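In this text, residue positions in the sequence shown follow the working numbering: the first is 125, and each later residue adds one.
Hint data in this document are derived by calculation from the structure and do not stem from the laboratory. The structure displayed is predicted, hence computed values, not measured ones. Glycine included, every Cβ here is placed at the ideal spot set by N, Cα and C. Check before you lean on any hint, since a few could be wrong.
Mimicking DSSO-like on lysine-lysine, the simulated pairs with C-alpha atoms at most 30 Å apart in a straight line are [stated by the list, open to error]:
| # | residue 1 | residue 2 |
| --- | --- | --- |
| 1 | K134 | K150 |
| 2 | K134 | K178 |
| 3 | K159 | K134 |
| 4 | K143 | K159 |
Have a look at the derived ranges for each label pair, beta carbon to beta carbon [as the list claims (entries may be wrong)]:
| # | residue 1 | residue 2 | range |
| --- | --- | --- | --- |
| 5 | D135 | D166 | 53 to 61 Å |
| 6 | D166 | L129 | 51 to 59 Å |
| 7 | P130 | E174 | 16 to 24 Å |
| 8 | L146 | D166 | 29 to 37 Å |
| 9 | E174 | E154 | 20 to 28 Å |
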Amino acid sequence: MTSELPQHDKDFAHAMALKLRLNRQKRATEEEEQKLIEEAGDFRMSFVREAIEKHPNLTIEQALQMMDERGF
C-alpha cells in the first residue's frame, strides 16, 4: 500500500517514524537519568550538579560513576 502513496507522503511517514523513535529514546534516557538521581540522593546530586556546571559535557551517569570510583 505504501507504494501507492505519493513521495511526499512517504517522506512524511518516514519523518514521523523517525521523530517517534527519537522521542522514545529521549524519554528512555530521561527516565534512566531520573532513576539515577533518585538513587543518588540530594547530597551526591549537589556535587554532580556542581560538576556538570563546570563541565557541560559531563553526564549524570559519568559523574556518579567517577564518584563511585573514588569511593564517594
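Verification of the hints:
Between K134 and K150 the alpha-carbon distance is near 24 Å, which keeps this suggested pair within the 30 Å criterion. For a cut-off of 30 Å, the pair hint linking K134 to K178 is broken: about 45 Å separates their Cα positions. Under the criterion of a C-alpha separation no larger than 30 Å, the hint pairing K159 with K134 is inconsistent with the structure, at around 38 Å. Between K143 and K159 the alpha-carbon distance is near 24 Å, which keeps this suggested pair within the 30 Å criterion.
Taking 53 to 61 Å as the suggested C-beta distance range, the pair D135 and D166 does not conform, at roughly 47 Å. Taking the beta carbon of each, D166 and L129 are about 52 Å apart, inside 51 to 59 Å as hinted. With their beta carbons about 54 Å apart, P130 and E174 fall outside the hinted range of 16 to 24 Å. Separation of L146 from D166 is about 31 Å and conforms to the stated range, judged on CB atoms against 29 to 37 Å.
For E174 and E154, the hinted distance range of 20 to 28 Å is satisfied, since their beta carbons lie about 21 Å from each other.
Checked against the numbered hints given earlier, the structure breaks hints 2, 3, 5 and 7 and satisfies all the rest.
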